[in-house]
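Note that the protein sequences, when read in sequence, are chains A and B. Going by the working numbering, the first sequence opens with residue 23, and the numbers climb by one from there. Going by the working numbering, the second sequence opens with residue 279, and the numbers climb by one from there.
If you are wondering where the hints come from, they were derived from the structure by calculation, not from laboratory data. Predicted, not measured: the structure shown is a model, and the values here were computed from it. Careful, some of the hints might be misleading.
[Claimed, not checked] Straight-line distance between alpha carbons at most 25 Å, and here's what the computed BS3-like set of lysine-lysine pairs gives:
{"#": "1", "chain 1": "A", "residue 1": "K77", "chain 2": "B", "residue 2": "K335"}
{"#": "2", "chain 1": "A", "residue 1": "K77", "chain 2": "A", "residue 2": "K42"}
{"#": "3", "chain 1": "A", "residue 1": "K77", "chain 2": "A", "residue 2": "K63"}
{"#": "4", "chain 1": "A", "residue 1": "K88", "chain 2": "A", "residue 2": "K42"}
{"#": "5", "chain 1": "B", "residue 1": "K377", "chain 2": "B", "residue 2": "K348"}
{"#": "6", "chain 1": "A", "residue 1": "K36", "chain 2": "A", "residue 2": "K77"}
{"#": "7", "chain 1": "A", "residue 1": "K86", "chain 2": "A", "residue 2": "K36"}
{"#": "8", "chain 1": "B", "residue 1": "K335", "chain 2": "B", "residue 2": "K348"}
{"#": "9", "chain 1": "B", "residue 1": "K348", "chain 2": "B", "residue 2": "K334"}
{"#": "10", "chain 1": "A", "residue 1": "K42", "chain 2": "A", "residue 2": "K86"}
{"#": "11", "chain 1": "B", "residue 1": "K337", "chain 2": "A", "residue 2": "K77"}
{"#": "12", "chain 1": "B", "residue 1": "K334", "chain 2": "B", "residue 2": "K377"}
{"#": "13", "chain 1": "B", "residue 1": "K377", "chain 2": "A", "residue 2": "K88"}
{"#": "14", "chain 1": "A", "residue 1": "K86", "chain 2": "B", "residue 2": "K377"}
{"#": "15", "chain 1": "B", "residue 1": "K377", "chain 2": "A", "residue 2": "K42"}
[Unchecked claim] According to the in silico footprint, chain B covers these stretches of chain A (three or more CB under 8 Å from chain B):
{"#": "16", "region": "83-96"}
{"#": "17", "region": "126-136"}
Cβ coordinates follow ideal geometry from the N, Cα and C atoms, glycine included.
Here is what each chain is made of, one letter per residue.
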Amino acid sequence: GAVVSQHPSWVICKSGTSVKIECRSLDFQATTMFWYRQFPKQSLMLMATSNEGSKATYEQGVEKDKFLINHASLTLSTLTVTSAHPEDSSFYICSAPPERYNEQFFGPGTRLTVL
Amino acid sequence: TQLLEQSPQFLSIQEGENLTVYCNSSSVFSSLQWYRQEPGEGPVLLVTVVTGGEVKKLKRLTFQFGDARKDSSLHITAAQPGDTGLYLCAGARSYNTDKLIFGTGTRLQVFP
């Protein structure tokens, strides 16, 4: 199956700092990638759609200036949480559809803790 | 607004029991997937169903897509502790979009 990686797997930072999370498709190209956020014991919430070579599309209620997304190549998308605060602490997961429509493969997730 | 409601939210059973998880919506989906997620990991795709009334089997797991493509179910026969995890359904609203809407999730615990 298709493989999607994320880096780092976990990060702890001080309030006010920025954190960058990478999402890579290892064995396929992805013109689209998705970023999700998951709070403990809850389902996934779609934050934004990352589009290669163009601006990301954000879901309603997600601050685009706070969650910067860059999709500079067909295998890499990055999510930068700017000026992180404790309420941004969460599990961030990316996904990408390899071939067929509507199927997605997920990265292992990044646990962000903001102190 | 959560378009996909799963039930039950939590399920705690003994090894060997059977169970069914439901995924319901008032909206039509072009396809629906089921995922299983373990703590600290990303969801893993179990199956995709695309045709109304479709039934797919994966060993002890049976997946069904409703005739009207508004609902789905996951049935596990003779559950094992290794089945423990968060089960998520996710639907796509149209064939030309990759965007998925996730269900509310069902947390399953299987005790030995």
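Verification of the hints:
no., hint, verdict
1, A:K77 <-> B:K335, "40 Å, violated"
2, A:K77 <-> A:K42, "17 Å, holds"
3, A:K77 <-> A:K63, "31 Å, violated"
4, A:K88 <-> A:K42, "12 Å, holds"
5, B:K377 <-> B:K348, "17 Å, holds"
6, A:K36 <-> A:K77, "28 Å, violated"
7, A:K86 <-> A:K36, "21 Å, holds"
8, B:K335 <-> B:K348, "20 Å, holds"
9, B:K348 <-> B:K334, "17 Å, holds"
10, A:K42 <-> A:K86, "14 Å, holds"
11, B:K337 <-> A:K77, "42 Å, violated"
12, B:K334 <-> B:K377, "23 Å, holds"
13, B:K377 <-> A:K88, "22 Å, holds"
14, A:K86 <-> B:K377, "18 Å, holds"
15, B:K377 <-> A:K42, "23 Å, holds"
16, 83-96, "violated (count 0)"
17, 126-136, "holds (count 7)"
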